[in-house]
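Work the whole structure out from these sequences, hints included.
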Amino acid sequence: MSTPIASSPTSSRDRGGPGQPLLTVEGLVKHFPVKKGIGGKKAVVRAVDGVDFDIKKGETLGVVGESGCGKSSTARLIMGLTQHDKGEMLFDGERIGSRALPLREFRAQAQMVFQDSYSSLNPRMTIEGSIAFGPRVHGVPRRQAIERARSLLARVGLEPARFAARYPHELSGGQRQRVNIARALALEPRLVVLDEAVSALDKSVEAQVLNLLMDLKQEFDLTYLFISHDLNVVRFICDRVAVMYLGQVVEIGPADTVLADPAHPYTRALLSSMPSMDPDNRTTVAPLAGDPPNPIDPPPGCRFNPRCSLVEDICRSHVPPLAPVDPIHRVACLARQPGSGHSAAPSAEAVAA
Amino acid sequence: MNEPRTKTPAGPAVAIQGLKVTFGGRVRAVDGVDLTLGRGQAIALIGESGSGKSVTLRAIMRLNPERKSTIEGRILVSGRDVMAMGRRELTALRGREVAMIFQEPLLALDPVYTVGRQIIEAIRQHEGIGAAEARARALQQFERVRIPSPERRLDAYPHEMSGGMRQRAMIALALACNPKVLLADEPTTALDATVQIQILLLLRDLQTELGLSTLFVTHDLGAAVEVADRIAVMYAGRIVEEGSARQVVLNPHHPYTIGLLRSRADGALAKGSRLQTIPGSPPDLANRPPGCPFAPRCFLAEDRCRAGDPPVVDAGPGHRAACWKTDEAARSFQAQRAELSDA
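Residue numbers (this note's numbering), protein chains in the order written: chain A, 1 to 353; chain B, 1001 to 1343.
The hints are simulated quantities; they were obtained by calculation from the structure and are not laboratory data. Note that the structure is a prediction, hence the values are computed from the model and not measured. Be careful, since some hints might not be right.
[Claimed, not checked] Okay, the calculated beta carbon distance ranges per label pair:
hint, chain 1, residue 1, chain 2, residue 2, range
1, B, T1208, A, P300, 36 to 42 Å
2, B, S1273, A, N122, 54 to 60 Å
3, B, S1273, A, P327, 42 to 48 Å
[What the hints assert, rightly or not] Chain B regions said to be covered by chain A (calculated; three or more residues, Cβ under 8 Å):
hint, segment
4, 1072 to 1086
5, 1126 to 1134
6, 1192 to 1201
7, 1212 to 1221
8, 1321 to 1335
[Claimed, not checked] These stretches of chain A come out as covered by chain B in the derived footprint (C-beta under 8 Å, 3 or more residues):
hint, segment
9, 196 to 207
10, 267 to 273
11, 280 to 289
Built from N, CA and C at the ideal position, the CB exists for glycine as well.
Next up, the structure:
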């Protein structure tokens, strides 16, 4: 009746084996030039300023942080939607854009779902047409592409007979996001970047889409990069989490550790900013004052120092490296690094023991 | 209070009785809402998109498009009928008696005037005082909403402020004429969590400080718990459950409230387990099914739910739910909670 969606087994595309990270990002930098005021002096927005992480095969890596921290920019750099200034990105061991892995080939293996489900679909194309568009561009015959689109629609819970010929405005937000997910899967990708993909949905719909994402991941052997500002959702769906602040990763590690026992004061502040669900125990003091700072002129030293509760002089002059607190958990905070000169830092002997 | 008010009438700040709002003669967005906002009380109206919470809120200030909508029922603000008001009275009501803050301050503030000028204009419009005096009042408002270096910020344009600062400026504008009732339509939805909590705490402080009666529309249960004494849950244009924040969150009696609480990712049993969802989607408001609007998605629905409107049942002092099966619903919720805490 329908062609199997995952026609080529992923194992044949797997080059480096299970130990090789699917995506490695090293020293990624993107600065956007801006002008301040009319005819004013030039400045740069340091949107992404030296980001390193990797995503293992089959895992879900969450990226959290306030607006302007560079999480969406990072996603767009990975997808090649914006050109990066510096840094290296390896997909299954091959440099993206190299002869071994041209951008076009990479894009067939990495797809993205955006927050705004409406503006990411062509309003003048039926949803079936939108889903089949990618495969058609990559040379799949029309009939086969349409057939695949229909079986994907069925898979994301939209009955093809009822929905295939509809236009985006004829669907609800939740249904449109399902279409976007189906479209992302049409090229049988290995990596799916979800940029606030459930943030605009109502809670009950969000839960349905999260369940769908978990099922699809299992079924199609996917790896997710999951960008969100909702820490509850991230804790629920992600294996590991990277916390970003002003264009840099400040903490990265297993979701259960980072979101339960955070090592960075910023992560702790983010967590305690979540509204309490207990009427007897409401929040009394806001953990952070003021708004997220501007990525144009980040403060010297640790970028979090003006808002940090543990700040000491050393924080204003020394940039903390992203150093391990244990083999799978790294944090960029002088207060957590032995011998850093911060009074709260563990002593070197205590760590050695 | 800055200026003396002529006698404060007794009774609730806002009383809504049998409110029905129909758009274009077909879409019944609000379908029989009864709600009483006591003086100095904070009520959160929660619900998903299309549940009628914002339309209810707007009806209090008569902000819904009058030509395109039919409004039935009664709305009393301090005992006076809003529906019977003429243009003049309405202008006096808006801003001076009842004020509103919106989700997106960048759209609600005028981009071509400084924020200070907009506040001064509002004060002078209502009170006919001099410019210098109005400016002093505006400055006082900025201090009240804790805007740093307020003197300088008064002369800033909306686009020169950050999101959190703009929201504070809008609150300052709303409170400029010392209204008694504050209506807030998703005031923190567009903000970062770290800023959201600051604004929620500010709203809570202002409410106690100024004795405001607040009606707060949100889709986020967490935000509702942070600011509200009472929570009213809306579904398809009706209030399906209303009670104190404690009652609604810890001892819900309506299946929809229970569904909302269960579908939260923080309520999931374990990582990797499936989230409990509410199946289906809200009804088409132009073709409402008979009976309880939630019946097609309800885990407890039976024939009588689809036949006629459910009764409003008392679930405790000041706690009501519109459902035939409140006891069973509450038992099911408590059983699952016990299971969760055992695990």
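Item to check | Structure versus earlier hints - violations, ascending order | outcome: Hint check: 2, 3, 4, 5 and 8 fail, others pass.
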